[in-house]
Amino acid sequence: VANVADEVVVMYHGEIMEAGPVEAIFRRPGHPYLKGLMAAVPHFDLKPGERLKALREVPVNVGNLLGKQTAPASKGPDDILLSVRDLKKTFTIRKSG
Numbered sequence: 001v002a003n004v005a006d007e008v009v010v011m012y013h014g015e016i017m018e019a020g021p022v023e024a025i026f027r028r029p030g031h032p033y034l035k036g037l038m039a040a041v042p043h044f045d046l047k048p049g050e051r052l053k054a055l056r057e058v059p060v061n062v063g064n065l066l067g068k069q070t071a072p073a074s075k076g077p078d079d080i081l082l083s084v085r086d087l088k089k090t091f092t093i094r095k096s097g
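Position 73 of the sequence shown, counting from 1, maps to 73 under this note's numbering, and the rest follow consecutively.
Keep in mind the hints are simulated off the structure, nothing from the lab. This structure is a prediction, so every number in the text was calculated from the model and none was measured. No residue lacks a Cβ here, since even glycine has one placed at the ideal position from N, Cα and C. Don't take every hint at face value.
Here are the in silico distance ranges between beta carbons for each label pair [as the list claims (entries may be wrong)]:
1) His43 / Lys95: 45 to 53 Å
2) Val41 / Asp86: 54 to 62 Å
3) Lys95 / Lys53: 26 to 34 Å
4) Pro48 / Lys95: 32 to 40 Å
5) Val4 / Glu50: 24 to 32 Å
6) Lys88 / Leu46: 22 to 30 Å
7) Phe44 / Gly14: 26 to 34 Å
8) Gly49 / Ala24: 28 to 36 Å
9) Lys53 / Ala24: 33 to 41 Å
10) Asp45 / Met11: 26 to 34 Å
11) Phe44 / Arg85: 50 to 58 Å
12) Ser83 / Lys53: 23 to 31 Å
13) Glu50 / Leu87: 43 to 51 Å
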């Protein structure tokens, strides 16, 4: 945005949070939302273990991530669980030296 616009308007939920010349907005953000946006801009010099800052917490429902789970039909002790035919396994041996 800073490379193509002269002025910018920052909106959140349809309301203007901040507006003005690009240089003023980007160099001196005033509204906490805009400060959060600026802090969330990815950069390429992250330190090991450093993460981007989230603008807000996003609740995660693990159940929705895994999808609907169905219990497998119960198997008796004599039921076949796995059947494999014509199994071949090859190994490549590297010569050292």
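Which numbered conditions among the earlier hints are violated in the structure presented, ordered from lowest to highest?
Of the numbered hints, 3, 6, 9, 12 do not hold.
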